[in-house]
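Next come the chains, spelled out residue by residue.
There are 2 protein chains.
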Amino acid sequence: MQLLDRDSLQAYLMANIAPAHALGLTIVEVEPLTIAAPLAANLNDKGTAFAGSLYSAAALAGWALLTRWCSAESIDAEVALHESSARFLAPARAPFRATARPPGPADLEKLKRMLARAGRGRIELSVEVSCEALLVMTLSGAYAVSSSGVSR
Amino acid sequence: MQLLDRDSLQAYLMANIAPAHALGLTIVEVEPLTIAAPLAANLNDKGTAFAGSLYSAAALAGWALLTRWCSAESIDAEVALHESSARFLAPARAPFRATARPPGPADLEKLKRMLARAGRGRIELSVEVSCEALLVMTLSGAYAVSSSGVSR
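Just so you know, the sequences run in chain order A and B. For the first sequence, counting from 1, position 56 maps to 56 in the working numbering; every step adds exactly one. For the second sequence, counting from 1, position 106 maps to 106 in the working numbering; every step adds exactly one.
So that you can see chain A by itself, here it is in the shape it has in the complex (with noise of 0.2 Å):
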């Protein structure tokens, strides 16, 4: 399946992630990837946006970029998140935003060749969750690859 534009990404998403569906996540681009979220559906009882909700924005988008570059490189993996770290800087009080970024070369290649020797790999992810002009959470996610068929 060819995972590549925003609309493929965003029907795959709707049609198989059920919290992304019920919290209103939607991919609104995909270079740099960035998930966008409603306040609405993602309300505390503080008013902000719910702490779990931050971080699906966030686990998601770093997700997303990776299925994402998986379909580029016709690799029919898995992608599921192992570790992560998370820092919840400010509430959120409007809309959010959730952006990947871009992994560097070296880091996309090293994947490559753990995947092509084991089906398996393993590379880290920053993401950054905005509110408006306020950056309000900042996750580090260990993902997991696995080449289909080979279990972890």
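Hints in this document: simulated from the structure, not taken from any laboratory. Some clues are possibly wrong.
For chains that are exact copies, the list does not tell them apart, and a pair is met inside one copy or across any two.
Derived pair list, reagent style DMTMM-like, types lysine to aspartate or glutamate, alpha-carbon separation capped at 20 Å [as the list claims (entries may be wrong)]:
1. Lys46 - Asp76
2. Lys46 - Glu78
3. Lys46 - Glu132
4. Lys46 - Glu83
5. Lys110 - Glu132
6. Lys110 - Glu128
7. Lys110 - Glu78
8. Lys46 - Glu29
9. Lys46 - Glu109
10. Lys110 - Asp76
11. Lys110 - Glu73
Model the placement of chain B on the given structure of chain A, informed by the hints.
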């Protein structure tokens, strides 16, 4: 507001935290503080629970434990997740539960002193997410607790 028993905490959650409602997160026990989640509302494209949903249940379990403690201590305060480190150990292929480990008495005494002195404090909590007999995720979270009227 008294938020001590399961029913009052659960009612508060449903009324005030929109994603908890959308993801079907339910407080099932207060000692230890345990949040249950169905699989269907949290499914990803691999037929397992979405990482952001596991994280949401875990983050909320820690928040509910501290909110309940504040209520028991008659402290009018806001509880917010500040930093976290999460590990995803295995896929959740069925409904799952997040259980917050009760902090030690010394940590709670320290938090109480910080709140009395500065109107704000910080405490680390560990939360485990299990699916059937399997540990699927661990969260270590630093929560900020601020007396009402004190901005952080």
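Each hint tested on the structure:
Taking the shortest Cα distances, Lys46 and Asp76 sit within 20 Å of each other only across copies (13 Å), while inside one copy they are farther apart (42 Å). Taking CA atoms no more than 20 Å apart as the test, Lys46 paired with Glu78 passes between copies only; the shortest distance there is 8 Å, against 36 Å inside one copy. Only within a single protomer do Lys46 and Glu132 lie at most 20 Å apart by alpha-carbon distance; the minimum there is 18 Å, versus 33 Å between protomers. Proximity of Lys46 and Glu83 under a CA criterion of 20 Å is satisfied inter-copy only: 18 Å between copies versus 28 Å inside one chain copy.
For a Cα distance limit of 20 Å, the shortest separation of Lys110 from Glu132 qualifies neither inside one copy, at 35 Å, nor across copies, at 36 Å. Taking identical chains as interchangeable, the C-alpha atoms of Lys110 and Glu128 are never at most 20 Å apart, the minima being 23 Å within one chain and 32 Å between chains. Proximity of Lys110 and Glu78 under a CA criterion of 20 Å is satisfied intra-copy only: 17 Å inside one chain copy versus 44 Å between copies. For the identical chains of this complex, Lys46 and Glu29 are neighbours neither inside a copy (29 Å) nor across copies (24 Å), given an alpha-carbon limit of 20 Å.
In this assembly of identical chains, Lys46 and Glu109 lie within 20 Å of each other by CA distance neither inside one copy nor across copies; the values are 44 Å within and 25 Å between. Taking CA atoms no more than 20 Å apart as the test, Lys110 paired with Asp76 passes inside one copy only; the shortest distance there is 17 Å, against 51 Å between copies. For a Cα distance limit of 20 Å, the shortest separation of Lys110 from Glu73 inside one copy, 13 Å, qualifies, whereas the shortest one across copies, 53 Å, does not.
Going through the hint list in order, the structure does not satisfy hints 5, 6, 8, 9.
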